[in-house]
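Student: Model the full structure from these sequences, guided by the hints.
Next come the chains, spelled out residue by residue.
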Amino acid sequence: MTLEFLIDALVTVIGVTTPILLAATGELVVEKSGVLNLGVEGMMLIGAVTGFAVTLTCGDSLGDFAPWFGVIAAGVAGAASSMLFAVLVLTLGSNQVATGLALAIFGIGLSSLVGASYVGMVIAPFNQAFPAWLAEDPIGRVAFGHSPLVYFALIMVIAAGWFLNRTRAGLILRAVGENDISAHSIGYPVLAIRYAAIAFGGAMAGIGGSYFSMVITPMWAEQMTAGRGWIALALVVFSSWRPGRLLVGAYFFGILMTLELYAKASGFSCLPSQFWAAMPYIMAVAVLAVMSARDVAGSEAPACLGRPFMPNS
Amino acid sequence: MRIRFEKRLAPSRFMLVATPVASVVLTMLLGAIIFQLLGFDGPDAIWQTFVTPIVAPYKWQDVLTKAAPLIIIALGLLLGNQAKIWNIGAEGQYVIGALTGAGLAFAMPGAPAFVAIPVMIAGGIFGGMVWAGMPAVLRTRFHVSEVLSTLMLVYVAMQVLNYLIGGPWKDPNGHNFPQTPPFTAAQTLPHVIPGTVIPPGFLVAIALTLVFWVLTARSVYGFSVRTVGVAPSAARYGGFDASRTVWSTLMISGGMAGLAGILESMSQLGQINLGFPSGYGFTAIIVSFLGRLHPLGVFLAGLILAVTYVGGQVAQTVVHVPEATAGIFQATMLFFILASDILVRYRLRLVRGARRAAAAGAPA
Amino acid sequence: MRKENDMSLVSRRNFMKTAAAGLAAPALGRAAFAAEPVKIGYIYLGPIGDFGWTWAHNKGRLALDAALKGQVKTSYVENVKEDASAIPILKDLAQQGNKLIFTTSYGYMDQTIEVAKLFPDVKFEHCTGYKRADNVGTYNSRFHQGRAVEGTIAGLMSKTGTIGYLGSYKVPEVVLGVNAFTLAAQAQNPKIKTKLVMIDSWFDPAKEAAAVQTLINLGCDVIAQHTDSPAGLQVCEQRKAWCFGQGADMKKFAPKTQLTAIEDIWGPYYISRAKALLDGSWKPDDAWWGFKEGTVVMSPFSSAMPENVKAAADKVIAGWKDGSYDVFTGEIRDQTGAVKVPKGVRMEDKDLAVIDWYVQGVQS
Numbered sequence: 001m002t003l004e005f006l007i008d009a010l011v012t013v014i015g016v017t018t019p020i021l022l023a024a025t026g027e028l029v030v031e032k033s034g035v036l037n038l039g040v041e042g043m044m045l046i047g048a049v050t051g052f053a054v055t056l057t058c059g060d061s062l063g064d065f066a067p068w069f070g071v072i073a074a075g076v077a078g079a080a081s082s083m084l085f086a087v088l089v090l091t092l093g094s095n096q097v098a099t100g101l102a103l104a105i106f107g108i109g110l111s112s113l114v115g116a117s118y119v120g121m122v123i124a125p126f127n128q129a130f131p132a133w134l135a136e137d138p139i140g141r142v143a144f145g146h147s148p149l150v151y152f153a154l155i156m157v158i159a160a161g162w163f164l165n166r167t168r169a170g171l172i173l174r175a176v177g178e179n180d181i182s183a184h185s186i187g188y189p190v191l192a193i194r195y196a197a198i199a200f201g202g203a204m205a206g207i208g209g210s211y212f213s214m215v216i217t218p219m220w221a222e223q224m225t226a227g228r229g230w231i232a233l234a235l236v237v238f239s240s241w242r243p244g245r246l247l248v249g250a251y252f253f254g255i256l257m258t259l260e261l262y263a264k265a266s267g268f269s270c271l272p273s274q275f276w277a278a279m280p281y282i283m284a285v286a287v288l289a290v291m292s293a294r295d296v297a298g299s300e301a302p303a304c305l306g307r308p309f310m311p312n313s
Numbered sequence: 001m002r003i004r005f006e007k008r009l010a011p012s013r014f015m016l017v018a019t020p021v022a023s024v025v026l027t028m029l030l031g032a033i034i035f036q037l038l039g040f041d042g043p044d045a046i047w048q049t050f051v052t053p054i055v056a057p058y059k060w061q062d063v064l065t066k067a068a069p070l071i072i073i074a075l076g077l078l079l080g081n082q083a084k085i086w087n088i089g090a091e092g093q094y095v096i097g098a099l100t101g102a103g104l105a106f107a108m109p110g111a112p113a114f115v116a117i118p119v120m121i122a123g124g125i126f127g128g129m130v131w132a133g134m135p136a137v138l139r140t141r142f143h144v145s146e147v148l149s150t151l152m153l154v155y156v157a158m159q160v161l162n163y164l165i166g167g168p169w170k171d172p173n174g175h176n177f178p179q180t181p182p183f184t185a186a187q188t189l190p191h192v193i194p195g196t197v198i199p200p201g202f203l204v205a206i207a208l209t210l211v212f213w214v215l216t217a218r219s220v221y222g223f224s225v226r227t228v229g230v231a232p233s234a235a236r237y238g239g240f241d242a243s244r245t246v247w248s249t250l251m252i253s254g255g256m257a258g259l260a261g262i263l264e265s266m267s268q269l270g271q272i273n274l275g276f277p278s279g280y281g282f283t284a285i286i287v288s289f290l291g292r293l294h295p296l297g298v299f300l301a302g303l304i305l306a307v308t309y310v311g312g313q314v315a316q317t318v319v320h321v322p323e324a325t326a327g328i329f330q331a332t333m334l335f336f337i338l339a340s341d342i343l344v345r346y347r348l349r350l351v352r353g354a355r356r357a358a359a360a361g362a363p364a
Numbered sequence: 001m002r003k004e005n006d007m008s009l010v011s012r013r014n015f016m017k018t019a020a021a022g023l024a025a026p027a028l029g030r031a032a033f034a035a036e037p038v039k040i041g042y043i044y045l046g047p048i049g050d051f052g053w054t055w056a057h058n059k060g061r062l063a064l065d066a067a068l069k070g071q072v073k074t075s076y077v078e079n080v081k082e083d084a085s086a087i088p089i090l091k092d093l094a095q096q097g098n099k100l101i102f103t104t105s106y107g108y109m110d111q112t113i114e115v116a117k118l119f120p121d122v123k124f125e126h127c128t129g130y131k132r133a134d135n136v137g138t139y140n141s142r143f144h145q146g147r148a149v150e151g152t153i154a155g156l157m158s159k160t161g162t163i164g165y166l167g168s169y170k171v172p173e174v175v176l177g178v179n180a181f182t183l184a185a186q187a188q189n190p191k192i193k194t195k196l197v198m199i200d201s202w203f204d205p206a207k208e209a210a211a212v213q214t215l216i217n218l219g220c221d222v223i224a225q226h227t228d229s230p231a232g233l234q235v236c237e238q239r240k241a242w243c244f245g246q247g248a249d250m251k252k253f254a255p256k257t258q259l260t261a262i263e264d265i266w267g268p269y270y271i272s273r274a275k276a277l278l279d280g281s282w283k284p285d286d287a288w289w290g291f292k293e294g295t296v297v298m299s300p301f302s303s304a305m306p307e308n309v310k311a312a313a314d315k316v317i318a319g320w321k322d323g324s325y326d327v328f329t330g331e332i333r334d335q336t337g338a339v340k341v342p343k344g345v346r347m348e349d350k351d352l353a354v355i356d357w358y359v360q361g362v363q364s
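Residue numbers (our numbering), protein chains in the order written: chain U, 1 to 313; chain F, 1 to 364; chain A, 1 to 364.
By construction, these hints were calculated from the structure, which means they are not laboratory data. Just so you know, even glycine gets a beta-carbon here, dropped at the ideal spot from N, CA and C. Among the hints, a few may not be true.
Said to hold, decoys possible - A partial selection of chain U residues facing chain F, derived with a Cβ cut-off under 7 Å:
no., residue
1, L92
2, V97
3, A102
4, I105
5, I181
6, S182
7, V237
8, F268
9, L271
10, P272
11, Q274
12, A277
13, A278
14, V287
15, A289
Claimed, not checked - Pairs of lysine-lysine residues, derived as DSBU-like cross-links and limited to a Cα-Cα distance of at most 30 Å, are as follows:
no., chain 1, residue 1, chain 2, residue 2
16, A, K91, A, K59
17, A, K159, A, K193
18, F, K170, A, K131
19, F, K170, A, K59
20, A, K350, F, K170
Tutor: And the structure:
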């Protein structure tokens, strides 16, 4: 059990964790504003195909900058697709559960349709944020050897925590999620705030999706996120809507998934592998139950989660 | 000048019926345009998707086979959705129901059909109820949102399925593939009622549609559920117990999903394999909304969704559109119906001047 | 009667439209109507864009199109679930006039048999299954032959004596691959150990990447995989571990470290069966082709392989082709050390097809 070994294991954990963390950070902010968007999987796939396509197309003219444009495009595409959801649930007051599911189905279908012409193509992986002498240093790589998106995910979850707990705007967003009617009567633009939160969630999901098509495998394949959008939803629940716990929980999930692989490769298969695969979901429900039972307020579940709000009614 | 929504005193009956029809028509129009732009034969793709399954009698059996589980599950969901208790985990209850029924079948291999079939069906319903019972406990005892817990349990159910069919219940004669042994003749139902194109599940769907119609329109229970959904505080004053509503709606939806699961495995596949969970539980949510949470509406919506499934496959072989488009159609249809929902409850009005009228309360 | 009229209408209309839609088709002017081409249908498990199993079958279909241009007309349905919904799709393909239908995944076995009963004039071919009928044949490819080539290379190239295998599910096909890989490597280096990780999925890039990182971290310096995405190869490229492509040449994903790849080439089989159909010699076979017949092909060897390794690998390929080599020749022991195949005995196909034990030296 050398340092080298631990660093390698940590690299695996980070790779597993990052896309889920990106998408879950966005969804956490959305849910804090009182909106439940179940379409994360669809938005991730739209982001994945967009990020890949833009990087591939711009590769010739932009060179090393192409992946950055790819990531931005993935965020924009994710946000754009989330606006479809936002218009329906906010302006038209439709049911959030059904609309979110429709968005998931829509995103899976649309990404397959758009991506069909990119199958089998390849781009350079977007996996180094620092120069090679730092990124490939045997010890230094633990800090410097990752994709820019890994650092971005960490920054964003911390920023989200700071925003929600330390800024006035964050306080307002939480107030909107806790009690939209009061927030509205005080004079806060409830719908505008929710639009912004949903757009942020869409952008983060899109960028999370691009991690699959640009970092893990620099290629596009249909449904390549393989259900991570649903795990991201579980993670938000698991975190009981707190960014700090979200970060810890994401890495906990990542460690759990990595441990399963180490156990299998080392020949310790004391429990059926399906048990490990079901673990994140079981844990999410268990944590939710414990948190809610101990203190309804302590779970920080936004009181208005999933409830439509029509200001004119 | 801007558009403004004004709340109607009572939901518009005309819009209630007109909007789902308009949604389907708009989806067809939009689909045709998009396909044309993508380089396919748009009108033909739409024709094959939406019309061929209806006009070609040889497709009827397929449509009814697909529609049966969708209708049964969606009927179960509509009461919960009326009460605003969201069970989005029907897929998991469908799987566990089928597994429970199958487990009973394997436990009594020699039982004659008149014992095996009712026991398996009852087991299916029971299994679905148990899987839906967990979110009910969590909601009523621990205040856990059923939206999240039902969804999480879908993925747990999938792993239960993978474990059982690859481990304890693996078919010893199945060349070591993950699948259960086939049900015996006494444990299966025919694909269709002999001499007709009607699968047994569809008969059940018709009967249940009538049962749910009576239940929602004529019973006190149906009224209480709607009251809980529309006006929770009024329901409390009226003496309708909220946690009883949670329990009953989740039990009904779980039981229906389990019923659909066991019927599907008994009459169509005759065993359970990795491919068994095929998304009916999720699509049924679309069906219940497309059907406007009304049993007759759900019945029709189930048929329409089944048509798009079957037609989507026809369009694939005939017009060569990719499979993904079936999902896009379903989502688009749901988007339209959800968007038009507002027309049922609100009236559109053009308002002159006062550009920021709607945002009058915004801080200066 | 009406049914048939409908069908011919649909198909003729469709035929003319596809012909007209083929913008880039120079054949438009040619008398494509002179002899009606024979229709051949496919159903696929995944999307044709999965870059794996379905992608390879679709390439085989395209090869058939190209080889017998004008004589055959192929169509396919993708993303067909391995449940009862395969039945209507198969019936559909048969009713649309397809005379030969390939069902390209294990889970379509019973559905294929069932639909074949309804259409005695239509020939069916089921991939990887074991149930046959008068008009149903089965076929598969001996991918484990390629695994033996990879194992030979791995045994010679590994410095640590530990090699890795990324698997999907414990089904005979995968177990055969693991065993062939390990046995061939042990023939070169008796001390070799194979670490095995099953990820319970055919396609999950993130999990595949994590699993390969794990294997490398645990000391494996050569990795083979039996999952569909190239995620693992990209990891090997970064971590400088030798690797093998799966299903197709994946050199562009690991230009420095991919040593070779097993290519799934279904074209020769599809062409031969279509020809048999055209000349009337088709009969239901249990085809299990390999290097000799051309359905298993190794991608060009990497220049990183020393000459002696290339020679050893070529010798194995030649041995498979002329029948002088079989990796499953005793003595073979299982993980517990028990002798499963006595010295000098070759395992029979029927035992290979249901294998569920790993050979000594596999750690799982």
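Student: Each hint needs a verdict: does it hold in this structure or not?
Tutor: Hint by hint, here is what the structure shows:
no.: 1; hint: L92; in the structure: 5 Å, holds
no.: 2; hint: V97; in the structure: 5 Å, holds
no.: 3; hint: A102; in the structure: 4 Å, holds
no.: 4; hint: I105; in the structure: 4 Å, holds
no.: 5; hint: I181; in the structure: 12 Å, violated
no.: 6; hint: S182; in the structure: 12 Å, violated
no.: 7; hint: V237; in the structure: 5 Å, holds
no.: 8; hint: F268; in the structure: 18 Å, violated
no.: 9; hint: L271; in the structure: 10 Å, violated
no.: 10; hint: P272; in the structure: 5 Å, holds
no.: 11; hint: Q274; in the structure: 4 Å, holds
no.: 12; hint: A277; in the structure: 5 Å, holds
no.: 13; hint: A278; in the structure: 4 Å, holds
no.: 14; hint: V287; in the structure: 10 Å, violated
no.: 15; hint: A289; in the structure: 5 Å, holds
no.: 16; hint: A/K91 - A/K59; in the structure: 24 Å, holds
no.: 17; hint: A/K159 - A/K193; in the structure: 12 Å, holds
no.: 18; hint: F/K170 - A/K131; in the structure: 18 Å, holds
no.: 19; hint: F/K170 - A/K59; in the structure: 33 Å, violated
no.: 20; hint: A/K350 - F/K170; in the structure: 19 Å, holds
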